[in-house]
Amino acid sequence: MSRWEPHIDLMRLLEALSTELAVTTETEVLQAGVEARWPLAEAAREVRELIGALNGDPGEAEVLQSIDRTEGGVERENLRHHRSVTERGNRTCCSRQH
Amino acid sequence: LEGASAMRPRTIKKSSAAVRDAASRPHIVQSGIARMSEWNVSPGGASRTIAVDNTAADVARAIHALSDADLVRLKALARLWTRGLPPGIGWADVLHEAIARALDGSRRWPPDVPILAFLSGIMRSICDDQWRRARREAEVLVCDEDVANRCAASVEMKSPTPERVVAAAQSLAAVDRLFAGDALALKIIAGLAEGLTPAEICQQYGMSERQYDTTRKRMRRALLRCGLAGSAS
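Residue numbers (the numbering used here), protein chains in the order written: chain S, -8 to 89; chain D, 22 to 254.
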């Protein structure tokens, strides 16, 4: 009998389920929203805000502008400036976690 | 978090003109699917085409173009991968870090990989990075400097920490609870965790192809509901 390695099982499972999630259709997303009685727009806004926070402002437009303006090292420099390193609970305290 | 992948595909930086050109074709990223970027070079006068990775600019545009439904999928993916992380790290943390890695170019977006799959792959590697880091921190606490260096070098070779094993077992139980009451889903979960293919799962559990597909759809919606409403189980 082989030894149970739950961390390997878990990663295999998450890999498979993430593939399923990534290919869900728009209809399935809408249906899930109805079933969960949770507005899709609210969940989407939450993620948009998180993306916006990466840029240090409410919108992503500036990220696009900075990339269009620049190239190579300058581009990376701008983005590095905005990059934050994830520490345990780094964003947990300021974002709603479910 | 520690640096990303050790092996990165070779990339060729596109000119700003090419970036502007890409911007004038927003429909390419609106689909959420990465396109095959091409770069024409003329070595010795002969023109040939080389496929290159998408740039950080492409990533930014693709993320900017994500629809509400895509963002919901992204949140659900982040919540899913959080189950593979050490306790105390939330979905927003892992998603934040994944997007940061994608935007700053520390992870390259290969051609023909959908943006959501790309970000999901980054989240997966963040899981591994976090556990490696947790192990290193635990070992450094009990080692002197020389020993710590040897520990760090051998981290990859070691079996998982008891904390990771316990956390993984708890996460597996939580996924089971998510599908409690759906016997077929639980069978598929067990099969996927064992690394079985759909055909093998059907064979092992006496499931028809149609039952498998119908159950998969139920499972997808359950995962999306979980991502939306954010139930803890």
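Heads up, some of the hints might be wrong.
Said to hold, decoys possible - Covered stretches of chain D, as calculated for chain S (at least 3 residues, CB under 8 Å):
id, region
1, 127 to 141
2, 180 to 186
3, 196 to 203
4, 206 to 218
5, 221 to 233
Hints are computed from structural coordinates only; laboratory data are not their basis. Note that the structure is predicted; figures quoted are calculated from it, not measured. Yeah, the Cβ is synthetic: ideal placement off N, Cα and C, and Gly gets one too.
Hint-by-hint comparison with the structure:
1. 127 to 141: holds (count 4)
2. 180 to 186: holds (count 3)
3. 196 to 203: Coverage by chain S is violated for the region 196 to 203 of chain D (1 residues, Cβ < 8 Å).
4. 206 to 218: holds (count 5)
5. 221 to 233: With 0 residues closer than 8 Å to chain S, the region 221 to 233 of chain D misses the three-residue bar; violated.
Violated hints, listed in ascending order, are 3 and 5; each of the other numbered hints is respected by the structure.
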